[in-house]
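**Student:** The chain contents come next:
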Amino acid sequence: MSKDMTIHLKYWKQAGPDAQGYFEEKTLNTVNEHMSFLEMLDVLNEELQLEGKDPVEFDYDCREGICGSCNLVINGQAHGPKEKVACCQLHMRNYKDGDHITIEPPKAGAFPIIKDLVVDRSAFDRIIEAGGYVSVKTGSAQEANSIPIEKEHSDLAFDYATCIGCGACVAACPNASASLFTGAKIAHLGKLPQGELERSKRVVAMVDQMKEEGFGDCSNFAECEAVCPVGISISAIAEMRKDYVKAVFS
Amino acid sequence: MPSIKQALSSQVGRKIMTGITGIGLMFFLIGHLAGNLSIFGTADAFNIYTKTLMDLGPLLYVIEAGLAFFFLYHTVLGVSIWLGRRKARPEGYNTYKSKGGPSHQNLASRSMIISGSIIFIFLVLHIIHFKFGADYTTMIDGEQARDLRRLVLEEFQKTWVVIGYVFVLLLAVLHLAHGFWSAFTSLGMKHGETSKKIQVTAYAFSIILMLGFIFIPLYIYFTGGEGSLISY
Ligand code: HEM
Ligand code: FES
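In order, the protein sequence lines correspond to chains A and B.
In terms of numbering that gives the first Met the number 0, the first sequence is residues 0 to 249.
In terms of numbering that gives the first Met the number 0, the second sequence is residues 0 to 231.
Think of the hints as simulated: they come from the structure by calculation, not from any bench.
A hint or two may mislead.
[Unchecked claim] With beta-carbon atoms standing in for the labels, derived distance ranges:
| hint | chain 1 | residue 1 | chain 2 | residue 2 | range |
| --- | --- | --- | --- | --- | --- |
| 1 | A | D17 | B | F119 | 50 to 56 Å |
| 2 | A | D17 | B | L59 | 35 to 41 Å |
| 3 | A | P147 | B | L59 | 47 to 53 Å |
[Said to hold, decoys possible] Calculated cross-link-like contacts (lysine-lysine; reagent style DSSO-like; alpha-carbon spacing at most 30 Å):
| hint | chain 1 | residue 1 | chain 2 | residue 2 |
| --- | --- | --- | --- | --- |
| 4 | B | K195 | A | K81 |
| 5 | A | K241 | B | K196 |
| 6 | A | K83 | B | K4 |
| 7 | A | K81 | B | K189 |
| 8 | A | K210 | B | K50 |
| 9 | B | K189 | A | K245 |
| 10 | B | K96 | B | K195 |
| 11 | A | K150 | A | K12 |
| 12 | A | K95 | A | K9 |
| 13 | A | K81 | A | K25 |
| 14 | A | K95 | A | K81 |
| 15 | A | K9 | B | K189 |
| 16 | A | K95 | B | K96 |
| 17 | B | K86 | A | K12 |
| 18 | B | K86 | A | K150 |
| 19 | B | K130 | A | K210 |
| 20 | B | K189 | B | K4 |
| 21 | B | K50 | A | K241 |
In this text, a Cβ means the ideal position worked out from N, Cα and C, and glycines have one as well.
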């Protein structure tokens, strides 16, 4: 058995979208190195409830790094200190006994806080609704190889499709830009023949929607790539820009 | 598809135009340095160079207007992108830290607005300083011309002028160390091996270019305008 660790937590509390937020602090003495970051928060909430206090709200679903629900900003880094890991997969063995950890929600005007660490990411849904789909009738699933697709393209499309929509890119971007998310969705569909037909319409509509939702401009900081739990490259943003220019001149 | 106006005001269009205007300005700087270095040529070289430019007449105005347009467009976009941050994130983080790795967040990229704004103020002063500076005259090929060489040699013997120029030129190293790479990225460069080479080139380019500019005031200052590179 590993020894229990003491962790000093400081986390964001906010009653609702328009309420004034503040930090609350609590020290946990029974943190185990095998716990995930979210399990550590479960322990926090159990203790808070035993004290008759309100638990801290935080988002999660799968806890295995695939759903994109979790999106905490931990000591100023989206999903915490490790590269290519969602915070549900971040283990407490990355911390030492006595560490201080500050937990904040992703902060962006386009992601209003619902409560505590939970934010409303429906702005992403509306970007998808603007054009992140294929509307041609493709019938039921076909035999996988009936449409020949170059391996290079299918690999890239897959890489971009791994975006789990967690919003860490927005959280970490100094401008709160949604370019990596939007670029990944555009690049993923644009690499496949099924997505080709609506390629121009898609890029224009989705790029407009980013702005409409109040996300900032991209300044090429590439911080989004650094925090992306699935490691999506800012090359996705290059794909988006190229598609946009093609759309203008088509 | 989208109208040019819609495209230019989209987030993609704005970034591409920041890149294009930035690259345009970098080409201008290369030309500007090449011209300036003629101060180390024959005694008349610099004044012949400036006279040739001024003799362009109306064409010079067109070039100047184009340059001013690029400069202002770049500035407006840069400032507007920066102002947009407040709107996109009204409330900031208590703690914020870059994750490093593939991130290009560094002193240069984070201070683009500061280096840019100081360059802007500098440029206004720089034009007042030389273009509208003391109107000395000399004779070139039997024609009267401005003796800008004399003005330059005099001005760069003033301590505060030299300190000011060197300071701004060092900030320009920062602006271009990120800007050079960023402009390629804005114009569609992928984040792979080429990108790494471009980043190294960006550092080399900005340091070499600015050392070229910095050399002129420093040389004149420390040789009192009488160094062996200056012919009379
Ligand atoms: C000789 C003058 C200048 C040169 C050669 C230059 C060059 C560049 C380049 C190449 C970029 C990268 C563009 C991109 O990311 O696509 C850039 C970005 C930038 N420039 Fe300049 N620049 C100059 C003057 C200025 C001035 C006067 C300002 C005034 C504020 C300014 C503000 C900025 C800002 C804020 C950015 C970053 C834009 C962003 O965040 O996306 N620059 N510059
Ligand atoms: S909870 Fe599903 S990715 Fe973290």
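**Student:** Now, for every hint given, state plainly whether the structure supports it.
**Tutor:** Here's how the hints hold up against the structure:
1. Judged by the Cβ atoms, the range 50 to 56 Å given for D17 of chain A and F119 of chain B is violated: they are separated by roughly 39 Å.
2. The hinted window of 35 to 41 Å between D17 of chain A and L59 of chain B is violated, with their beta carbons roughly 58 Å apart.
3. For the hinted restraint 47 to 53 Å between P147 of chain A and L59 of chain B, the CB-CB distance of approximately 58 Å leaves it violated.
4. This hinted pair checks out: K195 of chain B and K81 of chain A have alpha carbons roughly 22 Å apart, not beyond 30 Å.
5. At roughly 21 Å between alpha-carbon atoms, K241 of chain A and K196 of chain B fall within 30 Å of each other, so this suggested pair holds.
6. A distance of roughly 39 Å separates the Cα atoms of K83 of chain A and K4 of chain B; the hinted pair therefore is violated under the 30 Å criterion.
7. For the proposed pair K81 of chain A and K189 of chain B, the alpha carbon gap of about 24 Å is at most 30 Å, so the pair holds.
8. Between K210 of chain A and K50 of chain B, the direct Cα distance comes to roughly 49 Å. Violation of the 30 Å bound is thereby established for this hinted pair.
9. Proximity of K189 of chain B to K245 of chain A is assessed by CA-CA distance (about 17 Å); at most 30 Å being required, the pair is judged to hold.
10. Distance hint between K96 of chain B and K195 of chain B is fulfilled; the C-alpha atoms sit about 23 Å from each other, no more than 30 Å.
11. With a CA separation close to 48 Å, the supplied pair K150 of chain A and K12 of chain A exceeds the 30 Å bound.
12. Pair hint K95 of chain A plus K9 of chain A holds up; C-alpha atoms about 16 Å apart against a cutoff of 30 Å.
13. Of the supplied pair hints, the one linking K81 of chain A and K25 of chain A holds, its CA atoms being roughly 24 Å apart against a limit of 30 Å.
14. For the hint pairing K95 of chain A with K81 of chain A, the CA-to-CA distance comes to about 15 Å; that is within 30 Å, so the pair holds.
15. Restraint check for K9 of chain A and K189 of chain B: the C-alpha separation of about 39 Å exceeds 30 Å, so the hint is violated.
16. The suggested pairing of K95 of chain A with K96 of chain B holds, with an alpha-carbon distance near 19 Å, which does not exceed 30 Å.
17. Straight-line distance between C-alpha atoms of K86 of chain B and K12 of chain A comes to about 22 Å, which keeps the hinted pair within the 30 Å bound.
18. Pair hint K86 of chain B plus K150 of chain A does not hold up; C-alpha atoms about 42 Å apart against a cutoff of 30 Å.
19. Under the criterion of a C-alpha separation no larger than 30 Å, the hint pairing K130 of chain B with K210 of chain A is inconsistent with the structure, at around 42 Å.
20. Between K189 of chain B and K4 of chain B the alpha-carbon distance is near 26 Å, which keeps this suggested pair within the 30 Å criterion.
21. For the suggested pair K50 of chain B and K241 of chain A, the alpha carbons sit about 43 Å apart, so the restraint of at most 30 Å is broken.
Checked against the numbered hints above, the structure violates hints 1, 2, 3, 6, 8, 11, 15, 18, 19, 21; every other hint is satisfied.
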